[in-house]
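Protein chains: 2
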Amino acid sequence: MISCIIKNSMQKNIVLVEGAGFCFGVKRAIDIAFDVARNYKEGVFTLGPIIHNPHVVEKLKELGVYPLEELSKEKSIKTLIIRAHGIPKEKFNEIKQKDMEIIDATCPFVKRAQSLAEKLATEGYQVVIIGDREHPEVQGIFSYAGPDAIVINSSEIPILNKKIGIIQQTTQPLTKVKEIMNELINSRNEFEEIRIFNTLCNFTSKRLQATEKVARNVDLMIVVGGKNSANTTQLARLCKNMGVKTYHIENAQEINKEWIECITTIGITAGASTPQWIIDEVIDKIKEFIN
Amino acid sequence: MISCIIKNSMQKNIVLVEGAGFCFGVKRAIDIAFDVARNYKEGVFTLGPIIHNPHVVEKLKELGVYPLEELSKEKSIKTLIIRAHGIPKEKFNEIKQKDMEIIDATCPFVKRAQSLAEKLATEGYQVVIIGDREHPEVQGIFSYAGPDAIVINSSEIPILNKKIGIIQQTTQPLTKVKEIMNELINSRNEFEEIRIFNTLCNFTSKRLQATEKVARNVDLMIVVGGKNSANTTQLARLCKNMGVKTYHIENAQEINKEWIECITTIGITAGASTPQWIIDEVIDKIKEFIN
Chain A
1 MISCIIKNSM QKNIVLVEGA GFCFGVKRAI DIAFDVARNY KEGVFTLGPI IHNPHVVEKL
61 KELGVYPLEE LSKEKSIKTL IIRAHGIPKE KFNEIKQKDM EIIDATCPFV KRAQSLAEKL
121 ATEGYQVVII GDREHPEVQG IFSYAGPDAI VINSSEIPIL NKKIGIIQQT TQPLTKVKEI
181 MNELINSRNE FEEIRIFNTL CNFTSKRLQA TEKVARNVDL MIVVGGKNSA NTTQLARLCK
241 NMGVKTYHIE NAQEINKEWI ECITTIGITA GASTPQWIID EVIDKIKEFI N
Chain B
1001 MISCIIKNSM QKNIVLVEGA GFCFGVKRAI DIAFDVARNY KEGVFTLGPI IHNPHVVEKL
1061 KELGVYPLEE LSKEKSIKTL IIRAHGIPKE KFNEIKQKDM EIIDATCPFV KRAQSLAEKL
1121 ATEGYQVVII GDREHPEVQG IFSYAGPDAI VINSSEIPIL NKKIGIIQQT TQPLTKVKEI
1181 MNELINSRNE FEEIRIFNTL CNFTSKRLQA TEKVARNVDL MIVVGGKNSA NTTQLARLCK
1241 NMGVKTYHIE NAQEINKEWI ECITTIGITA GASTPQWIID EVIDKIKEFI N
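Residue numbers (our numbering), protein chains in the order written: chain A, 1 to 291; chain B, 1001 to 1291.
These are computed hints drawn from the structure, not numbers from a lab.
Computed from a prediction, not measured in an experiment: that's the story for all the values here.
Keep in mind that a hint or two might mislead.
Claimed, not checked - In silico lysine to any residue, SDA-like type, Cα no more than 25 Å apart, as pairs:
1) A:K206 - B:K1091
2) B:K1176 - A:K213
3) B:K1162 - A:F191
4) B:K1091 - B:E1070
5) B:K1178 - A:V151
6) A:K178 - B:K1227
7) A:K213 - A:A252
8) B:K1227 - B:E1123
9) A:K227 - A:M100
Stated by the list, open to error - Taking beta-carbon pairs under 7 Å as the criterion, some of the chain A residues facing chain B (in silico):
10) R133
11) M181
12) N186
For every residue, glycine included, the Cβ atom is placed at its ideal position computed from N, Cα and C.
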């Protein structure tokens, strides 16, 4: 994992984490949305904001692609884009009944987790999802996971069936997943089968590892991304927990010159929903302050 | 788990562990062997001693059932009994080619472990067997587990494939199995699937738990069973590790009166290959000493 080091005349270094910003699934969903925006005239909507980033959502609005919180009868929806997080099975079936074109931009990693949840439930496993039950991605996966499914987000393990299948929210950190799996195994005295599929997104775990490596060697970490983005918040928490001074910002305007006055190295990382242009603006702003 | 308490006039207690002695699979194999002995005239052999207990083997010899170490051309084998441990697939196929009747007394729990090993290997899993590679049961299971199979007996985890299926030697202690599974999960950074089938024998784990409970409350433990029986040795080790004075004996003749002179409570447990009559003799001998 090589990170890009940008030196400046005052011997301050800016270290940009390799893989910061859009992950594969988000990049794909945004490319699809902009592609649709260019080729379709009207009535194009995304179900929920395409990603957890207000700047991208605004840019799409300018091109005529609007986010919908709920399906409304009033709106004349011709084309509906499903975002990277995916949606619950029931909602998908509801949309399919309507007279509109569906463009499914669900991340292939999330789609795989949904399929595995459905396969495990069909084969008689109680599906255990390691993740955040409030997250739209988890709500989507959960809807495929059968009536016995549960979501676990800590090492407190409830009573489970004898045959369980474990999957994970794609953006969960591997260390946390391992901790929960260990507790789960320790809590089982009479089990029949435990089947664990790795549904973690490789991009997310690599970004976490690369961020950890950079955070270990800098005086300050700037984490760029929507305040409502779970994976950006996770990056900020990781850096704070490592004891490095950390600021979670949404854009370059939030940077305070005082933050970087008395330090030598600044690390920058960004969540999966942060576009490159925002990262570039942050780097430019920091350069402006230290030059 | 209720244990049987035998009180005597001198206020010494003998506590017999519930489930001590023959497990289901061993009892079944011995019943089959004695049944064959009663109904067949000659040429009846068991492949290896029917169980790890010289007394049972002697009794069967008296009835005309002899243990064979290897298949020999000279011997006129008419009927061959496969013992509870099971045998390797290749040996089973070799026997099938010969002109003899096969009576398969493999323990159904071991048979299930063999079938799961074969199923996992066929479905592309690297089979990981938690157990003792020298044990005949493990050698049998291993022969069904495909070319990539490995046996693990400690928390030192080798490099494994991305898709692994885990099974256990039926008599392994659950605590040890959990420790190894935890280490295995912690050692994995990039895995595709981990599928764990519980192939532990319920009888064995219940006997271990019941022995532990009794050992906690007595002054002395007497563990009865063949010195070459892995599960009897395991019971003796458990008691010793708990800090209670422990003797591993094969029969009542080995008991020394001095062992029980200055103590109040004596616990007795026995491995899966120890017949009831030997346990009864041990109890009678102790009663004789303390009366």
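Hints versus structure:
no.: 1; hint: A:K206 - B:K1091; in the structure: violated, 48 Å
no.: 2; hint: B:K1176 - A:K213; in the structure: violated, 35 Å
no.: 3; hint: B:K1162 - A:F191; in the structure: holds, 23 Å
no.: 4; hint: B:K1091 - B:E1070; in the structure: holds, 10 Å
no.: 5; hint: B:K1178 - A:V151; in the structure: holds, 23 Å
no.: 6; hint: A:K178 - B:K1227; in the structure: violated, 40 Å
no.: 7; hint: A:K213 - A:A252; in the structure: holds, 23 Å
no.: 8; hint: B:K1227 - B:E1123; in the structure: violated, 39 Å
no.: 9; hint: A:K227 - A:M100; in the structure: violated, 32 Å
no.: 10; hint: R133; in the structure: violated, 23 Å
no.: 11; hint: M181; in the structure: holds, 5 Å
no.: 12; hint: N186; in the structure: holds, 6 Å
The structure shown violates the earlier hints numbered 1, 2, 6, 8, 9 and 10.
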